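J.: The task is simple: from the sequences and hints, build the whole structure.
Protein chains in written order, with numbering that gives the first Met the number 0: chain P, 0 to 291; chain R, 0 to 266.
Don't take each hint at face value.
[To be verified] Per label pair, the in silico range of CB-to-CB distance:
id, chain 1, residue 1, chain 2, residue 2, range
1, P, 277, R, 185, 57 to 63 Å
2, P, 114, R, 148, 47 to 53 Å
3, P, 262, R, 176, 46 to 52 Å
[Stated by the list, open to error] Far from chain R, some chain P residues (derived; all Cβ distances over 12 Å):
id, residue
4, 34
5, 111
6, 163
7, 202
8, 211
9, 229
10, 280
Calculated from the structure, these hints are not laboratory results.
None of the values given here were measured: they were computed from a predicted structure.
No residue lacks a Cβ here, since even glycine has one placed at the ideal position from N, Cα and C.
What follows is each chain in one-letter form.
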Amino acid sequence: MDSIIKTEKLEFSYFGAADSEPKTVLKGLDIEIEKGTFVAVLGHNGSGKSTLAKHFNAILLPEGGRVLVCGADTSDEELIIEIRRRVGMVFQNPDNQIVATVVEEDVAFAPENLGYPSDEIRRRVDEALKMVGMYEYRSHAPHLLSGGQKQRIAIAGVLAMEPECVVFDEPTAMLDPRGRESIVNVVRNLRDKLGVTVVLITHHMDEAVYADRIVVMSGGEFILDGAPRDVFMDDVTLRRAGLDVPETTALIHALREDGLELPLSALTIEECADAIFAALQPKSEKYKNEKE
Amino acid sequence: MLKDITLGQFFPGNTVVHRLDPRMKLVLTLIYITALFLAQGLFGYALMLGVLITCLALSRISPKTVLRGLRPVLFIILVTVILNVFFITGETILFEYRFIVITQEGLLTAAFMASRLLMLIVGTFLLTYTTSPIALTDGLEQMLSPLKKIRLPIHELAMMMSIALRFIPTLIEETDKIMSAQKARGADFDSGGLIKRAKAILPLIIPLFISAFRRADELATAMESRCYHGGEGRTRMKVLKSAPRDYMALLFGAVVIATVVLLRAAG
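T.: In structure tokens, the structure reads:
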């Protein structure tokens with residue numbers, strides 16, 4: 000499959016106070032993100048995951064190595080707008096991403112920057128707002144909406160560029176549980192319905208279970224990379240990276256230790272419930288048989 | 000308490016006044032202000048008052064709203080009236096007591112000045128009451144865009160203005176939050192003299208500034224991520240178009256200013 004984002008020996012460091020040593024944040028990372036996949040990047044605070052994300056659309060440029068977006072080098076000034084159109088980014092704080100005082104004007108911001116004609120902008124804005132379920136709010140003032148609604152507006156603002164890939168940098172960190180749920184649903188829909196490649200940066204394990212692939216970062220390096228069930232099996236490495244396994248996996252581990260036969264592949268709450276139900280089923284039938 | 004700030008307050012509606020092209024409204028407001036300063040004598044003022052009342056009626060803005068908007072400027076008007084009453088010298092003396100002299104001319108000038116100021120303020124209120132801040136900045140940007148040729152950063156100014164408008168409610172909310180947090184730890188914003196109060200504001204300003212800078216940084220990154228690269232090559236979703244009603248309004252404005260000039264010449 001084609002890769003949409005590819006990093007080669009990516010290095011980056013921040014300069015702190017004048018005389019202090021620069022802090023290396025990314026230590027020669029190689030990663031390839033395939034088209035149409037949902038990749039979750041997990042890591043504790045300071046693991047470098049946000050810094051990595053900012054390299055995906057040329058907000059930060061690598062100090063060593065290079066980043067390729069659809070084959071184009073992000074350090075190429077001429078291609079920067081096209082790179083940013085293809086790889087959209089949604090940030091943590093919804094308030095600090097909204098530019099306009101009316102919802103639809105804000106969603107129109109990116110296509111206006113790209114210079115599309117007015118009826119094309121209208122079409123994109125309407126489609127993007129319908130996709131995130133905020134079409135009825137198109138003439139509202141954003142500051143009167145809830146956090147989850149604002150974040151959906153921010154997502155619509157990115158979708159209006161019709162990107163091939165959307166990078167979410169901890170999009171639920173400032174939201175209440177209900178807002179979180181609505182954002183997770185939108186994120187899943189992007190991949191399932193629009194076929195957009197999704198990169199989700201998060202430290203919420205339960206959001207990562209929906210991904211096709213999980214990459215775990217710690218101290219500027221990748222320490223785990225694989226399908227969710229393989230990554231969550233390695234709870235020792237996860238804990239070392241300062242992360243917990245999802246509650247469902249923790250429950251299944253605990254039940255397995257107590258001798259209940261459960262598959263480790265059940266990750267979402269539904270799968271987990273079904274697996275436990277199925278594991279309990281034969282026993283109750285046996286119990287019934289004994290009674291008879 | 001901070002929520003009451005009426006800065007460029009906009010009342011959405013669907014009247015003729017609301018639907019006018021914002022550029023035309025800006026032009027008409029300028030015409031109105033010019034006419035107001037040219038108006039002379041009772042007839043001139045009566046005409047302007049008639050124009051103002053007609054526009055207010057057309058826009059369906061309630062008189063209560065207008066009066067509430069006037070409250071903060073009442074003091075300025077009062078000062079103008081007092082100054083005019085006591086310091087304009089004239090021939091017809093109505094009242095004299097030691098150094099206080101009130102003349103007929105003084106009273107008349109005061110009355111004209113006060114009504115001119117009132118009409119000026121209410122007239123410009125009408126602009127912000129019936130035009131959304133976005134439409135207003137868009138209109139300004141388009142009207143001033145010829146100045147881009149002499150390298151004035153018109154697009155940047157308009158963008159700054161609309162972002163400022165966008166962040167006013169956010170920053171007010173934040174100020175409220177910081178105030179509550181400080182009050183919870185015993186800060187006192189409401190008592191003491193001017194200096195004491197100004198000192199109490201300082202611990203409010205600093206966190207507000209820090210957060211405003213952080214917000215600005217994040218907003219800039221988000222705008223860049225959405226392909227913002229200045230005004231060059233940028234298009235708009237809502238293109239301003241002049242309708243017949245805009246030209247009708249302009250005609251009306253021209254008639255008003257012509258009448259005012261004629262009245263002045265005749266008087």
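J.: Any hints from earlier that this structure breaks? Give me their numbers in increasing order, please.
T.: 2, 5
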